[in-house]
Structure formats: structure tokens, C-alpha cells
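> These protein sequence lines are chains A and B, in that order. Position 10 (the first sequence) corresponds to 10 in the working numbering; numbering is contiguous. Position 24 (the second sequence) corresponds to 24 in the working numbering; numbering is contiguous.
Since the hints were derived computationally from the structure, they do not count as laboratory data. One thing to keep in mind: the hints can contain errors.
Pair ranges (Cβ atoms, derived) [claimed, not checked]:
{"hint": "1", "chain 1": "B", "residue 1": "Ala59", "chain 2": "A", "residue 2": "Leu11", "range": "45 to 55 Å"}
{"hint": "2", "chain 1": "B", "residue 1": "Gly121", "chain 2": "A", "residue 2": "Asp59", "range": "23 to 33 Å"}
{"hint": "3", "chain 1": "B", "residue 1": "Ala22", "chain 2": "A", "residue 2": "Thr52", "range": "15 to 25 Å"}
{"hint": "4", "chain 1": "A", "residue 1": "Ala13", "chain 2": "B", "residue 2": "Glu25", "range": "46 to 56 Å"}
{"hint": "5", "chain 1": "A", "residue 1": "Gly16", "chain 2": "B", "residue 2": "Gly95", "range": "28 to 38 Å"}
{"hint": "6", "chain 1": "B", "residue 1": "Leu111", "chain 2": "A", "residue 2": "Phe9", "range": "46 to 56 Å"}
{"hint": "7", "chain 1": "A", "residue 1": "Ala17", "chain 2": "B", "residue 2": "Glu36", "range": "31 to 41 Å"}
{"hint": "8", "chain 1": "A", "residue 1": "Arg62", "chain 2": "B", "residue 2": "Ser71", "range": "55 to 65 Å"}
Quick reminder that beta carbons are idealized off the backbone N, C-alpha and C, glycines included.
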Amino acid sequence: MKKLLRRLFLLGALAGAAYAARSYLQGQMPGKETVQIVFDDGSTRSLASNTTEGREFTDIARKLVEAGL
Amino acid sequence: MAERSGARAAQDLDRVLADLRALSEDIDSCAVLSGERDLLSSTHEPGVDRERVGAMLSALVYLSERVANESGKGHISQLRIDTGEGHLLVVRLDGGGVLAATTGQEARVGLVLYDMRNARGEVEKAIAEGSDQ
């Protein structure tokens, strides 16, 4: 019985590790906040790199940083 | 005469950008886009397509204004984008134009933004003098 529980625990740990690795490779991990917008009322909003909105900004910005203004 | 005045305003703007670069050594390049989305001045290297730079900057301003609208805000005052290889920084000017700059990844971004905000008045003055003439 003890042996079975140990095997089940090991199996669960392996499944968890596989899921974490898969999520990481698919970009499911929380994205780094790469865009920070400050509004005229002083409030801010940050957009993460793994969101569609954030990517729109970074794709254009990357080209401008590479080429120069 | 109007052409000469316009040329002088452009020179003033170029001088303001050159001063900003001299003051803030972390800036690699900078540019000014008018409220009508025309690229008024830039420190571009030879070979850089001005129209393309202007169009991409306009697109960024459009995107940020869209986010402001969706968030129920008036306008953006500042935009900071970390690309992983460097930063793109934007400060809004009166009249809807923007002052933009690019830096390397290791730049002191807060300090650069501070210098850009300080240069904003000079840039607005040069634009206003150019449009008056």
C-alpha cells in the first residue's frame, strides 16, 4: 500500500512537471510587463508581453529600436 | 520668406534634439512627430527611411491613444516600451505631437524620461514658432 502511494505521488509530480514545461513552452507563463503607459491624470497601465495588446506595441517598438528614429 | 522661417524652425527643432542627445548620453536616437502625424525632426542615420519611421511612430501613438480611450482616460502623457534589446520612450507634447527616443537595454530610462520631459517645453516652443510663421 505504501509502495503504491509512493508511485502515485511520483506519477503526480511527473505529470505536474510535464504540464509546467508544456505551459512554459506555449507561452502560458505570466508575461513580463514590457509596456508602461502613463495617462495625463497620472494613472498608469502596464501591458504584458504575452498579450495581443502588448505584442502590438513591442513589435513596432522593436523595429524602431533596431533602425533608430 | 515663409520657407526660410520654416527652415529656421526646423533648425531650431534639430538643435533641441541635438542638445537633448548631448545631455542624455543614453539616448541612441530621437524624433519629433507633430499632432498631424508628420515627422518634423529626427536624428536618423543615413539609410533610415523617414516616412517609415514616421508611419511606425504614428502607429504607436494611435495604439496608445486607443488604450487611453478603452481605459476611459483622456490622453497618454508618457509611454515606455522594453523590447528586450532596448527601450522606446515617448513623451506627449501639447497639440498631440510626441517626442520619442530610443535607448539601449542598459540605459537609465528614468533619467532619460526626466530629460525628455524637461526638453518638452523647448520642443513645443520650436513647433509653435514654426507654425506661426
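> Could you check the structure against the hints above and give me the numbers of any it violates, in ascending order?
3, 5, 7, 8
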